[in-house]
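Colleague: Chain by chain, the residues run as shown.
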Amino acid sequence: MSRRKRMLEELDQDIRDHIERETQDNIERGMPPEEARYAAIRKFGNVTLVKEETREVWISVWLEQLWQDIRYGLRMLRKSPGFAAVAILTLALGIGANTAIFSVVNAVLLQPLPYPNAKRLAMIWSTWGNETRGPASGPELIELRSRSHAFEEIAGIWVTSGTITGTAEPEQVRLAMTTANFLPLLAEKQQLGRFFAPGEDRRGAAPLLILTDGLWRRQFGANPAIVGQTTRLNGNDFTVVGVLPREFKLLFPDSRMAEVQVFIPFLNDLEKQSRDTGYIRMVGRLRRGFTVAQAQSEAETIASQLRREAKEYAEQSLHLSVLPLQEDDVRPVQPALVSLFAAVVLVLLVTCANVANLLLSRSGGRRHETALRAAMGAERRRIVRQFLTENILLGCLGGTAALGIGWAALKWILSLQPEGIYLLVAAKLDGWVLAFTLMLSILTGIMFGLAPALSVARGDLVEILKESGKATTTGKPWLRQSLIVSEVSLSCILLVGTGLMIRTFTSLLRVDPGFHAENALTFQLSFPWSRYGTVESVTNFLKDLRMNLAAMPGAESVGGVSHLPLDEGLGNWYSYYWAEGAPIQLQNTVMADHRSTLPGYFRSIGATLLTGREFEDADDAVHTHVAIVDDTVAEQIWPGQDAIGKKLSVEDSPAGAFQFIREPVVVVGVVKHIQAHSLTSKGRGQIYLPVSLAPRPAYSLVVRTTAPMQTFAAYVQLAVKKLDKEMPVSNLRPQMDYIEKARAQTRFVTVLAGALAALALFLACIGIYGVTSYSVAQRKREIAIRIAVGANLGDVGRMILRQSGLPVIVGVVTGLATALALTPLLSGLLYGVRQSDPLTYAAISLVLGAVGVLACYIPARSATKVDPMIVLRSE
Amino acid sequence: MDSEPTTLLQGTLDLLILKSLLAGEMHGLGISRRIQQITGGTFVVKPGSLFPALHRMEEEGWISSFWGDSENNRRAKYYRLTKPGRKQLETETKRWGRISWAIAQALEAS
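These protein sequences, in sequence, are chains F and H. Using this note's numbering, the first residue of the first sequence is number 136, and each one after it goes up by one. Using this note's numbering, the first residue of the second sequence is number 10, and each one after it goes up by one.
With the rest of the complex left out, here is chain F:
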């Protein structure tokens, strides 16, 4: 029963008893019982009012005592400003780190995506072959849409690049083609104009266009009359029908989505497209009352129907998987953020242990005061409450300072600008974060304060009062020492995690991704089909540009490709391939990335040609059916054989863009595998085709140069302008940028983990130092006697070191063991290092041991300086 409820019941009984007695007295005075009772009740007055007033007393007394305790607490803190400063600063660091990391976790993982009905949005992935998160083909989307009950809307998007001309400067933009229902799924309403209407995405419909706020402001000067006007995109006229809201952002599990600037409808009959060409990302909104699991099982049923109905789906072994949009969005960053959050909680625990230690040291001095109060009749409950109030007050003071530290830390975190955590920009100290910080302040106040408060309140009065004034080894040394053990082991876990992250980062620095990005400059061009309608016009332009650039001073080689390695800017192209003549079955096919490649590409990015040759201009000129494969593909299709001269079925595009037929090509070269998507995983094999066989709307050029990047960048601008004034150059940057970007997340986690581990280590050192100094101060008399009776100074120092060093050693050992048990949780973040990496563990135990012993050594040394005469005389 709660205290309050019990008090209420007792009050009731007390009042009943009061009236009862009055009645009894009245009866004894000769009144008839009935009348006696009425008289008593009348005399008592309004029972409800009395109860209410009594209850009010409880509350006002409670508040008054709270205020008393707070004032008393503040006075105590003012009396020991050194203690107060250290405790508040420690708490501010610990809680502040939590505030900062929580604001990141909150913004990225906890807050719903900024879309209407965000919780009902889900990605629908096509699984074909061993690709589990593949795009869907046009017919697939239409079939799914017509058969699904779980989804009320299913929309599709494909991202490519386009060129806007006719405005101030030609600009290459990221272009999304969508179904008409796509944008209404993600935005409540437009800033200007309207969305696409149903049917406006069909073949033959008028070309319409929707702008994002950013592009509207930059290219069109935020002209409100833009709606209804036409603008040239890829050389065709499109009518602008709307501008998206300013805050609209495409947050999809694919980095390039976030940068889409222009939306146009598919303008195609999706159901008539090839079932073999998967390129559409599908997003659906669940009907109210349907769960993701229901949608998943329905999608699986539909997939099995489709496999029965069409042989293409059977060959692909099509499956469908449904994932909540938010879960899918944060999938790549979740392990990192969860690990960081766990780390910062460990820091908070170290903080609590530290402050608890400080309080314990101080409680020695306060036992006397408490005992006195208890002797004067203060209830134990009251004393514990007063201590708790004091500690929560301390926690809140620390929490207030933590807001400042958290704000600064968050600013610093945002300044690291980790790639791929788009939602991070939304991180701020909002109401959620403030509430979290307040909760944490109170919680830490209780956590670090409960043990000291109880230990003080439990003290034996007589004993304490008897020893009054004498400095003794009060309190329980084991409590202090176990706090040191936990501080050291928590820091140890953090250090091991950080060590493993640093090892991962250095492995990333050493990775050979199959190319050399140093000294390579890259830029992107896109070829609108209205002006570059034939394959020859594209190949001729590229050939001229390559020749002009190669003639510039400092140019070593010039090449290009449809997709640069580690550039997630353009939609990846991949398909399945098989050796010519092999039966078309899944087990005979190989899934490989498909790259349209210019002559000179491999030399320019510093890839290794294993056998055969690169493409030549002649390959494009005569539309020869040649291909270059990497060693991964060669090994998969022709294991143990020479791939040169072998024939392979590939998608050929002889009639211009996107009209594929399958044609055999002859392998003329084998190149060492290039890691195209990540530094940490091999990825699919790659097949390279000459431009004429596989024309693409955009190319990335690579120039290997000895000239400074800035200088050569200017050459590039000039050279492109000279060939085509309307051709925008985009993403002009050193190729190293892509490598940096690929390392960014690991760097982000490593830097943050490092900061947290350093903080924990620092706090643990303060803790060890504090406890050792305290115990030396407490034992001054004993030490003095030992020295007086002839102990040698080295013995005394060693004794202190042994006693204080033991918890450090125990802490290191338990910390290492715990870390070993916990590191499997980090496996998703690690690369090129074993979870039980002996080097990391050895280094951490050495560092932590050395630092810990040093923190004991300083006070231990001061113990040897004790002058027995002075100490003993002062007793």
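Calculated directly from the structure, the hints in this document are not laboratory data. All C-beta atoms, glycine included, are put in the ideal place defined by N, C-alpha and C. Treat the hints loosely; a few may be bogus.
[Unchecked claim] The calculated DSS-like cross-link candidates involving lysine-lysine, where the alpha carbons are at most 30 angstroms apart (straight line), are:
1) H:Lys86 / H:Lys28
2) H:Lys92 / F:Lys214
3) F:Lys186 / H:Lys28
4) H:Lys55 / F:Lys140
[Said to hold, decoys possible] One-sided excerpt, in silico: chain H residues whose CB lies under 7 angstroms from chain F:
5) Arg65
6) Glu68
7) Ala85
8) Lys86
9) Tyr87
The hints should help you fit chain H onto chain F, whose structure is shown.
Modeller: Then chain H, alone, in the frame of chain F:
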């Protein structure tokens, strides 16, 4: 304290309750009878003032309560003076002495 202005009564009531409990532990009605008796019937404490005052003083730690069996075998709440309560009684008594002396002085002055 029927007709007395309540502003004056706050401290006075506490003092009277503490004083009457000096005689030993008693229940609420007993306290109110005792006050009536020792003040010669000048003050009659109504339950509306008594209950909040008892609870407040208990929370302040001046008095403590316990449940005991009364004469007719009913559970009843008894109050008794605590150590801080005795101290408070001393303080209050001194304070009251000063106030009444000061007021007497003031009234005598012409």
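Colleague: Against each hint, give a clear statement of whether it holds in the structure.
Modeller: Okay, the hints, checked on the actual structure:
1. With a C-alpha separation of about 18 angstroms, the suggested pairing of Lys86 (chain H) with Lys28 (chain H) holds against the 30 angstroms cut-off.
2. Pair hint Lys92 (chain H) plus Lys214 (chain F) holds up; C-alpha atoms about 28 angstroms apart against a cutoff of 30 angstroms.
3. About 25 angstroms separates the Cα atoms of Lys186 (chain F) and Lys28 (chain H), which keeps this hinted pair within 30 angstroms; it holds.
4. Under the criterion of a C-alpha separation no larger than 30 angstroms, the hint pairing Lys55 (chain H) with Lys140 (chain F) is consistent with the structure, at around 25 angstroms.
5. The interface hint given for Arg65 (chain H) is met, as the beta carbon of that residue sits about 5 angstroms from the closest beta carbon of chain F, less than 7 angstroms.
6. Given the 7 angstroms rule on beta carbons, the hint for Glu68 (chain H) holds: about 4 angstroms separates it from the nearest Cβ of chain F.
7. Evaluation of the Ala85 (chain H) hint against chain F yields a held restraint, the C-beta minimum of about 5 angstroms falling below 7 angstroms.
8. At its closest, the beta carbon of Lys86 (chain H) sits 5 angstroms from a beta carbon of chain F; the interface hint therefore holds under the 7 angstroms criterion.
9. Interface restraint check: Tyr87 (chain H) against chain F, minimum CB-CB distance 10 angstroms, threshold 7 angstroms, status violated.
Hint 9 from the list above is the single one not met by this structure.
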